[in-house]
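**Student:** This is what each chain is made of:
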Amino acid sequence: MNLAIQPERPKPNSASKAKAIIETRDFSFAYGPTQALFDISMDIHKKEVTALIGPSGCGKSTFLRCFNRMNDLIDNTRILSGQIKISGIDIYKRDVDVIELRKHVGMVFQKSNPFPKSIYDNIAYGLRIQGIKRKSELDEVVERCLRGAALWDEVKDRLGDSALGMSGGQQQRLCIARALAVKPKIILMDEPCSALDPVATAKVEELIHGLKTDYTIVIVTHNMQQAARLSDRTAFFYLGKLIEYGPTEQIFMNPENPKTEAYVSGRFG
Amino acid sequence: MQRYFHDELQELRNKLTLLGEKSNDAARLSVESLLEGDLEMVDRVLALDDAIDELEKEIGHACMRYISLRSPVSTDARLILVALKASHDFERVGDEAHTIARKARDILIREGRLSEPLKFKEMSRLSSNLLNDAITCFVEEDIEKAEAVIKMDQEIDALNKHHYEILTAETMQKQLSDASRFDAVLISKSIERIGDHAKNLAKEVIYLLKGN
Amino acid sequence: MAKPKLHRFAIRSSRKKTIEVIVANLFRLMTYCVILAAAYLFFDITANGSKAVFQGKAPFINIQFLTEKPQTLHVFEPLEPYNEIQKRRTQILQLQSKRKALGSNDTEQRTEYSEQIDNLQAEIERWDAQRKAERLKYSDDAYRALDHTPDLSMFKHQTYAYSGGGIGPAIIGTCLLVLGSIAIALSLGLLCAIYLSEYSRPGKTLQAIRLSILNLSGVPSIVFGLFGFGMFVHFFGWGVSIIAGWFTLAIMALPVIIAASEESMRAIPRGFREGSLALGASKWTSIRTNVLPYALPGILTSSIMGIARVAGETAPIMFTAAYALRDQLPWEGLEQPTDFFFQGVMALPYHIYVVSSKIPQNEYTRDMQYGTAFVFLFIVGFFALSSILLRIHVRSKYKW
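Residue numbers (numbering that gives the first Met the number 0), protein chains in the order written: chain W, 0 to 268; chain D, 0 to 211; chain B, 0 to 399.
Accuracy of the hints is not assured; some may be wrong.
As the list claims (entries may be wrong) - Below are the DMTMM-like pairs computed for lysine to aspartate or glutamate, each with C-alpha atoms no more than 25 Å apart in a straight line:
#1 LYS132(W) x GLU273(B)
#2 LYS131(B) x GLU111(B)
#3 LYS155(B) x ASP366(B)
#4 LYS56(D) x ASP231(W)
#5 LYS97(B) x GLU111(B)
#6 LYS56(D) x GLU255(W)
#7 LYS92(W) x ASP25(W)
#8 LYS211(W) x GLU273(B)
#9 LYS182(W) x GLU273(B)
#10 LYS160(D) x ASP132(D)
To be verified - Covered by chain W, per the in silico footprint, the following chain D stretches (three or more residues, Cβ under 8 Å):
#11 1-8
#12 61-67
It should be emphasised that the hints constitute simulated quantities derived from the structure, not laboratory data. All values reported here derive from a predicted model rather than from experimental measurement. The C-beta atom is built at its ideal place from N, Cα and C for all residues, glycine as well.
Start from the sequences and build out the full structure, keeping to the hints where you can.
**Tutor:** Given below as C-alpha cells:
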C-alpha cells in the first residue's frame with residue numbers, strides 16, 4: 000500500500016544498479032602510514048540526498064573528498080585497494096582528467112569560501128576559467144544559478160557588491176550557486192551548515208532539498224537531525240569503516256547495527 | 000518559515016481526519032444496519048473496521064517517523080501526541096462499531112426488526128454529530144466547539160441510562176429474549192462509548208491548541 | 000587614622016602591582032629612547048641636509064645640487080678676514096699653551112687668559128661672518144666659464160674636491176639600480192616563492208632549501224659584493240655595470256622577497272584554493288586567479304621594502320656597479336642601446352661613502368654629505384611610501 004505521507008521510500012536493493020551514480024567497491028585509503036578508510040563498498044543513488052554521519056575522525060570527510068579527488072592535494076595519500084566509479088568510470092584510473100572530474104562533481108565546503116570578488120564574479124568564475132567570456136552567456140548563467148540557489152531575489156540588485164558583505168548563510172548559498180555554474184551532476188557538501196545559525200541552516204537545507212530534483216547530493220554532517228531531515232539515505236561511519244548504510248528511515252528508526260543505534264540515539268562512547 | 004517537511008504534518012492531519020470520518024461512518028452504519036435490518040451493511044461495517052485498523056497503524060508509523068526524523072517540538076510535538084491518541088480513539092470507535100454490528104446481526108437473526116421504544120436512532124445521530132463536531136473542531140482548530148462537544152456528551156449518557164431502564168423493565172422482558180435485551184444493552188453502551196471517545200477527542204484538541 | 004573598610008573589589012596595593020607598574024614603565028621608557036634616537040637621526044640629517052638641498056631664493060630647491068654632477072669647488076676667500084682669523088687663531092693657541100703652563104695657584108692669571116681667549120674667539124666670529132659674506136664660491140664649470148678670475152691680491156684661491164656641483168648622476172644611478180633590481184628580484188623571487196609554497200612537496204629537501212635561503216639573508220653584504228664581482232663582473236664579463244649591480248642587489252634581496260612572498264601566499268585561506276580547484280580550475284589557474292591577486296599587496300610591500308633596504312647598501316655595488324665619479328649620465332654617449340646595461344653609474348650610498356671617507360674633510364664636504372644623505376633618505380622613503388600606497392590601492396580592490 001503506497002502511503003502518501005511517506006515520500007518515496009528508497010528501496011535499497013531493487014534496481015540499485017540502474018540508479019547508482021557513484022559506486023564504491025572495497026575502497027581503502029591511507030594518509031601516509033595511517034589507514035583512514037577500510038574496505039568501503041556503497042552505492043550512491045542518482046538524484047537523492049545521501050548523508051554521511053559518524054563521530055569526528057571516522058573518515059566520512061575523507062571519503063567525501065575521494066569523490067572529486069580533493070585528497071590529491073594532500074601529500075602522502077594513497078589508495079590501498081578498491082575503486083570508485085562515477086557514472087561508470089573508475090575515477091582513479093590514470094587516464095582521468097581531474098579537472099573534468101571536478102566539473103562533474105562539485106563541492107561545497109564547511110567554511111563558506113566565497114572569493115573576495117563581486118557576487119557576479121563569484122558565480123562567473125567557474126565559466127571564466129573555462130574560457131567563456133561572452134557577457135550575455137555569463138549573465139544568463141549567473142541568474143540561473145542564483146535562482147537555483149534561491150538567492151536571486153535577495154541579491155539581484157547588488158550583483159556587483161563584494162560577496163564578503165553577505166551574511167554567512169547567504170555566502171554558503173552563494174558557494175552552492177557557484178558550484179551549480181559548472182553544471183555538475185553530483186554536489187558534495189562537507190558540513191555545509193556547521194558554521195551557520197539555525198535560520199540560515201534551515202534556508203540551506205531547503206535549498207538542498209530543492210536541489211535533489213536535479214542533482215545527486217552527498218552531504219557530510221555532524222548534525223544527526225540534519226541528516227535525518229535532509230537525506231534519503233544515510234551511511235554511518237565509525238573508525239574508517241562503513242558500519243551501516245541504508246534508507247534514512249531505517250538508520251534512524253530501526254538500525255540493524257547496535258553501534259548505529261548507539262550513535263543515532265546519542266548513547267555513543 | 001515553512002519547511003519542506005511541514006507538509007508531512009498536514010498530511011498527518013488529513014489522514015487523521017480521514018480516519019475520523021471512516022470511524023464515524025462505521026459507527027453510523029452499524030446502528031443503521033440494526034435499525035434497517037440490513038445484514039449486508041453489517042458486513043460493510045466489519046470490513047470498514049479492518050481499514051480503520053490499518054489506517055491507525057499507518058498514522059502510528061507516520062508519527063514515529065516524524066519524531067525520529069524531524070525532531071518536532073512545541074505545537075508540532077503536541078500534534079504528534081494528539082494524532083497518536085486521537086487515532087487510538089478513532090480505532091476504538093471502529094471497534095465499538097464492530098461490536099455494535101456483530102450484536103446487531105445477532106439480534107436481527109434472533110428477532111427480526113427491533114421494536115420502537117428504544118431510541119437507538121436518536122442516540123446514534125447524537126453520537127455521530129458529536130464525533131463530527133470533534134473532527135471539525137480539530138480541523139478548524141475551534142476551541143469553543145470542542146468545549147461544546149464535551150458538554151453534549153451528557154445527553155448521550157442520559158439516553159444510555161434511559162435504555163437501561165427500558166430494557167430492565169418488566170414489559171420489555173416479554174417482548175425480547177434475554178440474549179437480545181443483553182445485546183441491546185451492550186449496543187447502547189457501545190454508542191455511549193463512542194460519545195466518550197468524541198469527548199476525549201475534543202479534550203485532546205483543546206490540549207493541542209492550548210498546550211496544557 | 001581610621002582606615003576605611005575595603006570592599007571585596009577595592010584596589011589594594013601589593014608587590015605584584017608595583018612590579019607591574021615598574022615593568023610597564025620600563026618598556027615605555029625603552030620605547031621612547033628608541034623613538035628619540037630615530038627622531039634625532041632624522042632631524043640631524045634633515046636639518047643639515049636641507050642646507051644643501053633647499054635655498055632661500057625663488058625655487059627654494061637647490062636645482063643645481065639635484066641635477067649637476069659632482070665637481071671640484073673653487074673658493075676665493077677675502078684675504079683680509081682670512082689673515083685676521085689666522086692671526087687670532089695663532090694667538091689663541093699661544094694663550095692656551097700659556098694657560099696650561101700656569102701653576103694651580105695662579106687663578107687670577109688664569110681668568111685673565113681665559114677672558115682674552117674669549118675675546119679673540121668673539122673677534123674670530125665677527126671676521127668669519129665677514130669672510131662668509133665676501134667669499135666667492137664657484138663650481139668647476141662655473142670657474143672655467145669665468146671671464147676673469149678674481150683678483151688674487153684680494154682673494155685667496157682654494158680648491159676642494161667633490162665639494163661643488165651636485166649629485167644628479169648619483170640620484171639617477173640609484174633610481175636605475177633600485178628599479179632594475181626590483182624587477183629582477185621580484186620576478187625571480189615570486190617564481191621561486193610560488194614554487195616553494197604551492198608546488199613543492201613538504202619534506203626534508205624543502206626544509207633544507209628554506210633554511211639555506213634564510214641563511215642567505217644573514218650573509219654580509221660585502222660577500223655579496225665580492226660574489227657579484229666574481230660572478231657578473233669577471234666570469235660573465237659584464238664589467239662594472241648597471242646590470243651586474245642589478246643582479247647583485249637582486250640576489251641580495253631575494254631571501255627577503257622569497258620569505259615574504261611565501262608568507263603572504265600562505266596567509267591566503269586554503270578555501271580559496273580548494274574552492275577554485277573544486278570548480279575545475281587547474282592548479283596554475285587557481286594560483287593565478289585566487290592566490291596571487293590577494294597575496295600581491297603583501298608581496299609588493301615587503302619586497303619593495305626589502306629592495307629599498309638593499310639599495311642602501313654600499314658594499315654590493317662598490318665592486319659591481321658604482322663609479323665614484325662619472326661625467327656622463329647613463330643615456331649619454333651610448334654607441335649601441337645594449338651599452339646602457341653595461342656601464343657603471345654613480346650611486347648615492349657609494350657617493351656618501353666616497354665623500355665621507357675618501358677625500359679630505361672640510362667645511363664644504365659637510366654640506367655635500369648631509370645633502371646626499373638627505374636626498375637618499377628621501378628616495379628610500381619615497382619607494383617605501385609608494386609601496387604602501389600600492390598596497391592600499393590593491394588591498395581596496397581585493398579585500399577579504
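**Student:** Compare the structure with each hint and give your call.
**Tutor:** Hints versus structure:
| no. | hint | verdict |
| --- | --- | --- |
| 1 | LYS132(W) x GLU273(B) | 23 Å, holds |
| 2 | LYS131(B) x GLU111(B) | 30 Å, violated |
| 3 | LYS155(B) x ASP366(B) | 21 Å, holds |
| 4 | LYS56(D) x ASP231(W) | 23 Å, holds |
| 5 | LYS97(B) x GLU111(B) | 11 Å, holds |
| 6 | LYS56(D) x GLU255(W) | 22 Å, holds |
| 7 | LYS92(W) x ASP25(W) | 16 Å, holds |
| 8 | LYS211(W) x GLU273(B) | 24 Å, holds |
| 9 | LYS182(W) x GLU273(B) | 18 Å, holds |
| 10 | LYS160(D) x ASP132(D) | 23 Å, holds |
| 11 | 1-8 | holds (count 4) |
| 12 | 61-67 | holds (count 4) |
The earlier numbered hint that this structure contradicts is number 2, and it is the only one.
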